[in-house]
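So you can see what is in the structure, the chains are spelled out below.
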Amino acid sequence: MSCHTPVLDVLPESEPPVDPAVPVSTKPLRTVALIGPPNSGKSTLFNRLTGLRQKVANYPGVTVEHHSGRMKAIGRNDLTLIDLPGIYSLATYSEDARVAVEVLTGKMRGVPKPDCVLLVLDATHLNRQLMLAAPVFSIGLPTLVLLNMGDELARRGGEIDTLALAKELGHPVAVISAAQNTGLDVVPEFLLRAGSRPDDGLRPVQLPVLQSAASCRTWATQVTARTKYQTPAASLWTRRLDSVLLHRWLGPLIFLAVVVAVFQVVFLAGQPLSDWLTAILTRAGAQVALLLPDNWLRLLLRDGLWNGVQAVLVFLPQILLLFLFIGILEDSGYLARAALIADRVMRTIGLNGKAFIPLLSAYACAVPAIMATRTIENKRERLATIMVAPFMTCSARLPIYTLIIAAFIPNRLFLGGILGMRAMVMLSLYALGFLAALLTARMMNSSVMKATAAPFILELPQYRWPTVQGLTLRLYDRGKLFVKKAGTIILGVTFLVWLLSVLPVHGGQFSALTDSVIGHLGHFIEPVIRPLGFNWKIGIGLLSSIVAREVIVGTLGTLYGVDPATHSLGLQAALRGDMTLGGAIALVVFFAFAMQCTSTLAVVRRETNSWKYPAAQFAYMTVVAYVAALVTNQVITRLF
Amino acid sequence: MDVTALSDAKVGSAGVVESVDLPENVSHYLAHLGFLPGTAVEVLRRAPAGDPRVYRIDGVEVGLRNETAKHIFLRLNEAAA
Numbered sequence: 001m002s003c004h005t006p007v008l009d010v011l012p013e014s015e016p017p018v019d020p021a022v023p024v025s026t027k028p029l030r031t032v033a034l035i036g037p038p039n040s041g042k043s044t045l046f047n048r049l050t051g052l053r054q055k056v057a058n059y060p061g062v063t064v065e066h067h068s069g070r071m072k073a074i075g076r077n078d079l080t081l082i083d084l085p086g087i088y089s090l091a092t093y094s095e096d097a098r099v100a101v102e103v104l105t106g107k108m109r110g111v112p113k114p115d116c117v118l119l120v121l122d123a124t125h126l127n128r129q130l131m132l133a134a135p136v137f138s139i140g141l142p143t144l145v146l147l148n149m150g151d152e153l154a155r156r157g158g159e160i161d162t163l164a165l166a167k168e169l170g171h172p173v174a175v176i177s178a179a180q181n182t183g184l185d186v187v188p189e190f191l192l193r194a195g196s197r198p199d200d201g202l203r204p205v206q207l208p209v210l211q212s213a214a215s216c217r218t219w220a221t222q223v224t225a226r227t228k229y230q231t232p233a234a235s236l237w238t239r240r241l242d243s244v245l246l247h248r249w250l251g252p253l254i255f256l257a258v259v260v261a262v263f264q265v266v267f268l269a270g271q272p273l274s275d276w277l278t279a280i281l282t283r284a285g286a287q288v289a290l291l292l293p294d295n296w297l298r299l300l301l302r303d304g305l306w307n308g309v310q311a312v313l314v315f316l317p318q319i320l321l322l323f324l325f326i327g328i329l330e331d332s333g334y335l336a337r338a339a340l341i342a343d344r345v346m347r348t349i350g351l352n353g354k355a356f357i358p359l360l361s362a363y364a365c366a367v368p369a370i371m372a373t374r375t376i377e378n379k380r381e382r383l384a385t386i387m388v389a390p391f392m393t394c395s396a397r398l399p400i401y402t403l404i405i406a407a408f409i410p411n412r413l414f415l416g417g418i419l420g421m422r423a424m425v426m427l428s429l430y431a432l433g434f435l436a437a438l439l440t441a442r443m444m445n446s447s448v449m450k451a452t453a454a455p456f457i458l459e460l461p462q463y464r465w466p467t468v469q470g471l472t473l474r475l476y477d478r479g480k481l482f483v484k485k486a487g488t489i490i491l492g493v494t495f496l497v498w499l500l501s502v503l504p505v506h507g508g509q510f511s512a513l514t515d516s517v518i519g520h521l522g523h524f525i526e527p528v529i530r531p532l533g534f535n536w537k538i539g540i541g542l543l544s545s546i547v548a549r550e551v552i553v554g555t556l557g558t559l560y561g562v563d564p565a566t567h568s569l570g571l572q573a574a575l576r577g578d579m580t581l582g583g584a585i586a587l588v589v590f591f592a593f594a595m596q597c598t599s600t601l602a603v604v605r606r607e608t609n610s611w612k613y614p615a616a617q618f619a620y621m622t623v624v625a626y627v628a629a630l631v632t633n634q635v636i637t638r639l640f
Numbered sequence: 001m002d003v004t005a006l007s008d009a010k011v012g013s014a015g016v017v018e019s020v021d022l023p024e025n026v027s028h029y030l031a032h033l034g035f036l037p038g039t040a041v042e043v044l045r046r047a048p049a050g051d052p053r054v055y056r057i058d059g060v061e062v063g064l065r066n067e068t069a070k071h072i073f074l075r076l077n078e079a080a081a
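Quick note, the sequences are listed as chains A and B, same order.
Take the first sequence: its position 192, counting from 1, is numbered 192 in the numbering used here, and each next residue is one higher.
Take the second sequence: its position 55, counting from 1, is numbered 55 in the numbering used here, and each next residue is one higher.
It should be emphasised that the hints constitute simulated quantities derived from the structure, not laboratory data.
Since the structure is predicted, the reported quantities are computational estimates derived from the model, not experimental observations.
We treat Cβ as the ideally placed atom computed from N, Cα and C, and that holds for glycine.
Fair warning: there could be bad hints in the mix.
Claimed, not checked - Restraint-style ranges between C-beta atoms, simulated for each label pair:
1) A/VAL265 - B/ARG46: 28 to 38 Å
2) A/GLY75 - B/ASN25: 38 to 48 Å
3) A/THR472 - B/GLY38: 42 to 52 Å
What the hints assert, rightly or not - From chain A, some residues computed to sit far from chain B (all C-beta separations above 12 Å):
4) PRO232
5) GLN287
6) LYS485
7) THR566
Claimed, not checked - One-sided and incomplete, this derived list gives chain A residues near chain B with beta-carbon spacing under 10 Å:
8) ARG128
9) ARG344
10) LEU438
Bound-form chain A, shown alone (with noise of 0.2 Å):
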C-alpha cells in the first residue's frame, strides 16, 4: 500500500464496513462544512465539489461572505456544502474566526448545524497547517482531513504517510489535489459513510488541552515528526519568479507594465467583441420590433427599454475581460507580490498595506470592498479606507469611460503600437480615481485620522497556474451580476426616464422631447451644468445615474434613441455631435470622482452606523467632481 492511500477506517481492527445501502442512521446528513486556512485551495475544493450553482450571502449581522451549494458535482444534490472563511485558528481575535465557531456550533442564525466537516489543509506545510486541526476536531464532528495540494508536494519530494497520520489524529485522512481534480473521490466515499455511521466514536490520539498558538503548534510538530512527514523543498519556481518579479527595479516596472498590458488589452480586444454585440442586438431589436404593431407598444419596448438596456449591455466584454485579468493576477499569486511593491505607497499615505487588498477590490466594486475593511482592525484606518474606497474605479464606471472614449480619442498607437491613446486615457482616469483616494486619505490621515500604524503581515503564497474552473466561475458570476443589474435597476431607470420623455400626453399624442416632463426638468437644471460643457440629457443623465453608475448610459441610449434628430444613430456618434471634446473629457472626469452609487452609501451607512457618513461622502465626492469637471471643461475648450 503506498503511504499516499487515502485513509478512511482509522481503527486498526474495525469492524466491518457497513453496507452504504442500508443506512444505519434514521437522521440522514444535510449540511457539510468546508474548513481550512488561507492560501489552502479551499476555494478551488468548493468548486470542484458544488460546480456552478453556488449561492453567496452574509451571515446576519455580520459582513462575512457565505457561500453555499448543494454538493452536486459529486452527484450529491441532497447536501449542502458551507464554505467557511479561511481562517488560521478557531480563536474568535477576527470575525471570521467568531463566523467559523458559530456555524461549527450551529449557534448561527439562519444556518443548519453541519453534520460533518471537511478540513482542508496545505499538505505541504503541514506543521503550521495542523493548528487548525486541533481546535476543528475538538469541536466533535466527523471530520474528513484532506491534504490538499499533493501533486505539489510530491514534486518537491514531500512525504506523507496517511495511515500513520490517520491513526495519530484519530480521523479519516485522503491525499488530494483540488487543482488537478484528484483523489477527490475519497469525499462522496466518506460521505457515504458519515451518513451511514453518525458517530463512529473515534477520536484523536491526543489533543492540546490549553489550545492556544503554542500549544497547538507543539501537537503538530510532535504529530508531523512521529508521523514521520517529510517537508518538501522549497517551490524553486516561486523563488527564481521572485527574485525577478520582486527585484528592486524590475519588479516596480513588471508590475508596471502588467496593470498598462490590462488596459490595453480589455480596450484592444474588448472593443471589437463590444462592436460585434452591439451589431447583434441592434438587429435583434430591430427584428422584434417589426413583428410589434406600430402603435405605443412598440415605442415603449424599443425605445423605453430595449434602448437603455442595450446601450449597457454592450459592455459585457470589457467588463469580462477586466475580471479575467483580475482572476489570473489573483489565483496566480501574483496580487500578493503587488500588495508588497505597493505597501511603501500605502504607507507614505497612512494607509496600511492591508488596505491594499480591499482598495484593490474596489476596483471591482466598492460595495465588497467597504466590507473587506472590517480586516483592519483600527478604526480610523477602517473609517479612512472606506472614505477612499469609491474614489478606486470600479467597473460600473466602465461603461460611460469606454462609450466617451470610444467616441472622441482617436484610436492613435504609439511605441510601434504597444501603447495605444485609448489605453492611455483610461489608465489615466484610474489613476486619477487612484489619486484622489490617496489625497483623501492623506487629508483625513493629518486632520481627524491621527492613526497608529497596524501591522502589515502578508502571507506570499506559491506561484500556481489559474486553473480554467476557478476563472470561469468567476467571470460566470460577474457576468451573471451585470445582466442582472441590467435587467432590473437599469431596465427599471431607463422605463422611468422613457416615460417622463413622452408625457405628458396631449390628445392622444405622446409630447415631443423638449416638451415633456424630463425635457422640462432638464432645461431647468441645464444652466447649473452648462460651465462644465453637459447639455440637458447629459444633465438627466446625471440625475438618474445616482441610482447607480451604468444607468447614465441606459439614459442617453434612451434620451437619444426617441430624439427624431438622432434615432437613427448609434449612441456613440449621437454623442459626438452633441458634445464637445472638453464636456466629454469632463464628463468621464466626473464620473471618476463622484458617488453615483446608493448600494454603496447604504453600505457605508451601514458599516458606520451612521448618516453622517455617507452624507458627507456624498457632499465631497460630488462637490470635487463638479469643481475637475469644470476645470477640465474650461481649460479643454481654451486649448484646443
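Following the hints, put chain B in place on chain A, whose structure we already have.
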C-alpha cells in the same frame, strides 16, 4: 550565538525565533504563520522599496514591515552566511 531583532538580520541569514514582543492579537496571528519560539526562520529578500522584507518561516514566505520585525527576536545560526 547572538540574539538580534529580525529586522536587523541580513538578507540570506537564518536563525531560530527566540521571542516575539508584540500585542497579543498580532503575536497570535504571527504564531499561526509560524513565528513561535523555536521555529527556524530565514531572511529571504527585500521588497523593491527595501521594506517590507520577506521571511521564510516553516516553508512559508511572509512579508513583514521592519517596524513589526524589530519586535521579533532570533538567535542567528553561526554557520549562516
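Right, here's what the structure says about each hint:
{"no.": "1", "hint": "A/VAL265 - B/ARG46: 28 to 38 Å", "verdict": "holds, 31 Å"}
{"no.": "2", "hint": "A/GLY75 - B/ASN25: 38 to 48 Å", "verdict": "holds, 43 Å"}
{"no.": "3", "hint": "A/THR472 - B/GLY38: 42 to 52 Å", "verdict": "holds, 44 Å"}
{"no.": "4", "hint": "PRO232", "verdict": "violated, 8 Å"}
{"no.": "5", "hint": "GLN287", "verdict": "holds, 56 Å"}
{"no.": "6", "hint": "LYS485", "verdict": "holds, 36 Å"}
{"no.": "7", "hint": "THR566", "verdict": "holds, 51 Å"}
{"no.": "8", "hint": "ARG128", "verdict": "holds, 5 Å"}
{"no.": "9", "hint": "ARG344", "verdict": "holds, 4 Å"}
{"no.": "10", "hint": "LEU438", "verdict": "violated, 16 Å"}
Consistency with the previously given hints fails for numbers 4, 10, ordered from lowest to highest.
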